[in-house]
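J.: Go ahead and model the full structure; you've got the sequences and the hints to work with.
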Amino acid sequence: MEERKIRELPGLTARRKVADAVARQIFRVISYSVVAIFGGIVAYILVRALPVLSFTFLTQPPRGGMLAGGVSTCIYGTVALLMLTAALAVPLGVAAAVYVNEFVGRGARARVVRAAVNNLAGVPSIVFGLFGLAFFVVFLRIGASILAASLTLAVVVLPIVIVATEEALKAVPRDYRLGSAALGATRWQTISRVTLPQAVPGIITGTILSIGRVAGETAPILFTGAAFYLPHLPDHPRQQFMELSYHIFAMATQASDIAKSMPIAFATAFVLLVLVFAFNLIAVLYRARLRRRRAW
Amino acid sequence: MVAPVVKYDRFSFWYGDFQALHDVDLDVAPKSVTAVIGPSGCGKSTLIKSVNRIAELEADVRVAGRILLEGEDVYAPGVDLVSLRRRVGMVFQKPNPFPASVFDNVAYGPRLFGVMKRGELEKIVEESLRRAALWPEVCDRLRSSALRLSGGQQQRLCIARCLAVEPEVLLMDEPAASLDPTSTQKIEDLIVELKENYTIIIVTHNMQQAARISGRTAFLLNGRLVEVSETEKMFTRPDNKLTEDYITGRFG
Numbered sequence: 001m002e003e004r005k006i007r008e009l010p011g012l013t014a015r016r017k018v019a020d021a022v023a024r025q026i027f028r029v030i031s032y033s034v035v036a037i038f039g040g041i042v043a044y045i046l047v048r049a050l051p052v053l054s055f056t057f058l059t060q061p062p063r064g065g066m067l068a069g070g071v072s073t074c075i076y077g078t079v080a081l082l083m084l085t086a087a088l089a090v091p092l093g094v095a096a097a098v099y100v101n102e103f104v105g106r107g108a109r110a111r112v113v114r115a116a117v118n119n120l121a122g123v124p125s126i127v128f129g130l131f132g133l134a135f136f137v138v139f140l141r142i143g144a145s146i147l148a149a150s151l152t153l154a155v156v157v158l159p160i161v162i163v164a165t166e167e168a169l170k171a172v173p174r175d176y177r178l179g180s181a182a183l184g185a186t187r188w189q190t191i192s193r194v195t196l197p198q199a200v201p202g203i204i205t206g207t208i209l210s211i212g213r214v215a216g217e218t219a220p221i222l223f224t225g226a227a228f229y230l231p232h233l234p235d236h237p238r239q240q241f242m243e244l245s246y247h248i249f250a251m252a253t254q255a256s257d258i259a260k261s262m263p264i265a266f267a268t269a270f271v272l273l274v275l276v277f278a279f280n281l282i283a284v285l286y287r288a289r290l291r292r293r294r295a296w
Numbered sequence: 297m298v299a300p301v302v303k304y305d306r307f308s309f310w311y312g313d314f315q316a317l318h319d320v321d322l323d324v325a326p327k328s329v330t331a332v333i334g335p336s337g338c339g340k341s342t343l344i345k346s347v348n349r350i351a352e353l354e355a356d357v358r359v360a361g362r363i364l365l366e367g368e369d370v371y372a373p374g375v376d377l378v379s380l381r382r383r384v385g386m387v388f389q390k391p392n393p394f395p396a397s398v399f400d401n402v403a404y405g406p407r408l409f410g411v412m413k414r415g416e417l418e419k420i421v422e423e424s425l426r427r428a429a430l431w432p433e434v435c436d437r438l439r440s441s442a443l444r445l446s447g448g449q450q451q452r453l454c455i456a457r458c459l460a461v462e463p464e465v466l467l468m469d470e471p472a473a474s475l476d477p478t479s480t481q482k483i484e485d486l487i488v489e490l491k492e493n494y495t496i497i498i499v500t501h502n503m504q505q506a507a508r509i510s511g512r513t514a515f516l517l518n519g520r521l522v523e524v525s526e527t528e529k530m531f532t533r534p535d536n537k538l539t540e541d542y543i544t545g546r547f548g
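So the sequences go chain by chain: Y and D.
In terms of my numbering, the first sequence opens at residue 1 and continues consecutively.
In terms of my numbering, the second sequence opens at residue 297 and continues consecutively.
Honestly, the hints are just simulated from the structure, not real lab data.
Predicted model, so just to flag it, every value in this text is computed and none were measured.
Where hints are given, some of them may not hold.
Said to hold, decoys possible - Below, in silico cross-link-like pairs of lysine to aspartate or glutamate (DMTMM-like), each with a Cα-Cα straight-line distance of 25 Å or less:
(1) D:K327 <-> D:E422
(2) D:K491 <-> D:E462
(3) Y:K170 <-> D:D400
(4) D:K529 <-> D:E470
(5) D:K390 <-> Y:E102
(6) Y:K170 <-> D:E354
(7) Y:K170 <-> D:E352
(8) D:K390 <-> Y:E167
(9) D:K482 <-> Y:D175
(10) D:K327 <-> D:D305
(11) D:K419 <-> D:E489
(12) D:K390 <-> D:D476
(13) D:K390 <-> Y:D175
(14) D:K303 <-> D:E366
(15) D:K390 <-> D:E422
(16) Y:K170 <-> D:D356
T.: Printed below as a string of structure tokens:
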């Protein structure tokens, strides 16, 4: 009985129902096409990479004028670069976010820092590359190296880390901070005992994702340390290194035999994609684990 | 009358350009319950949050006049906010236990002030939970999460958390507003009990609640204190026409 009544409501005519169904289908198609684009890219890269992709591609260095062998030295260089970048950028970014979000909060000082962060995030990465060359490599006399490239990449990732950390801090309910302050806690006591412990999972996830986002950046390392070809692994942060994204660039544009180098470029691209997905996966798994363990 | 523990002296309060309190004069006697009533947005919460200076954490504020805590102006330059807030505890409208164990919640305050010895903390936690009438319900689950307690238990836990730092004054901002009638009853009983040892200022929306638990009631309207008197008198023979209109439900 009730149901009949609802169906007969005069407002809900057949035309409106059709419009609703059509809108739903349009948005469905559009959102699935995003999935299709992503899947298509990965599939295309995989197909083009298949001729050279194998386990030994991961474990061997490039050989034969870089037209044979694998990308082990590039994987090593990329991982070393990202680890050093994280070690440099994360403490700085977290500290800046805590300062802005917890100590300053409002007012002119916070606005200045936030404006700087936003502008930093908007600078094209090639500009960072040029800056890294001029400042870290030349002026500070670090020389083209893993260290100089990591410092440059750390500047690129810094605003992303700051924003991610701020989001994590903002997700901590204000009631906790007020409750802590009302008990006589100083600012720092509240941060160290209540806010930060609550925000740590978000901060860690956010920073891992940030690092994943700059894993494929080529411009910042182009002038600051990435090498076209190195016969050996670097064993010191002051040495140059091979890196996946730069290797793709080299294989796609600089190689002597395009027919041989393009599959290598695509295979390298596939490895880089898997590496970035791995970062995202680690972040997601870590967050899930922390949520479970903290069954509060 | 005995010397007031808290004395508002021509106290005015601004959030930015908005004046939330106008020249409030109010004396709060020791070991008493003072209820603050008034319609939403009249400045009730601000009135109590300005005693422990929590209001200024949320916005840019400005004050005029004084609030004296045992004779000392809490807005005087150089006042130590940490010791002020230790002396003036606060219970919020929504229970806000930390996402930690029952024990760690109550021990939070003492730990801030350097009490680290296990035995000493255990004593303080038990004592505080007993005073908040929560001990029998949680004594066998001190290690479990405070967030698993019911809303009413959480609010009494927050009261115990305040008591653990031995305040003189307890500010309560509609402490039962989010609770069911049974839990509200328990909180009210507890407030009447706590009055023996603490000075309590409670904001409430509920006039029956004010009538049940308070000795004195203050009626606030648009940031101005309209009337303060003995609760019984307030609810039977108010002096002011506005008070009468409010408590008889003509507005608010």
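J.: Each hint should be assessed against the structure and marked as holding or not.
T.: Each hint, compared with the structure:
no. : hint              : verdict
1   : D:K327 <-> D:E422 : 23 Å, holds
2   : D:K491 <-> D:E462 : 14 Å, holds
3   : Y:K170 <-> D:D400 : 23 Å, holds
4   : D:K529 <-> D:E470 : 22 Å, holds
5   : D:K390 <-> Y:E102 : 22 Å, holds
6   : Y:K170 <-> D:E354 : 14 Å, holds
7   : Y:K170 <-> D:E352 : 19 Å, holds
8   : D:K390 <-> Y:E167 : 23 Å, holds
9   : D:K482 <-> Y:D175 : 23 Å, holds
10  : D:K327 <-> D:D305 : 20 Å, holds
11  : D:K419 <-> D:E489 : 21 Å, holds
12  : D:K390 <-> D:D476 : 13 Å, holds
13  : D:K390 <-> Y:D175 : 8 Å, holds
14  : D:K303 <-> D:E366 : 8 Å, holds
15  : D:K390 <-> D:E422 : 24 Å, holds
16  : Y:K170 <-> D:D356 : 19 Å, holds
In this structure, every one of the numbered hints holds.
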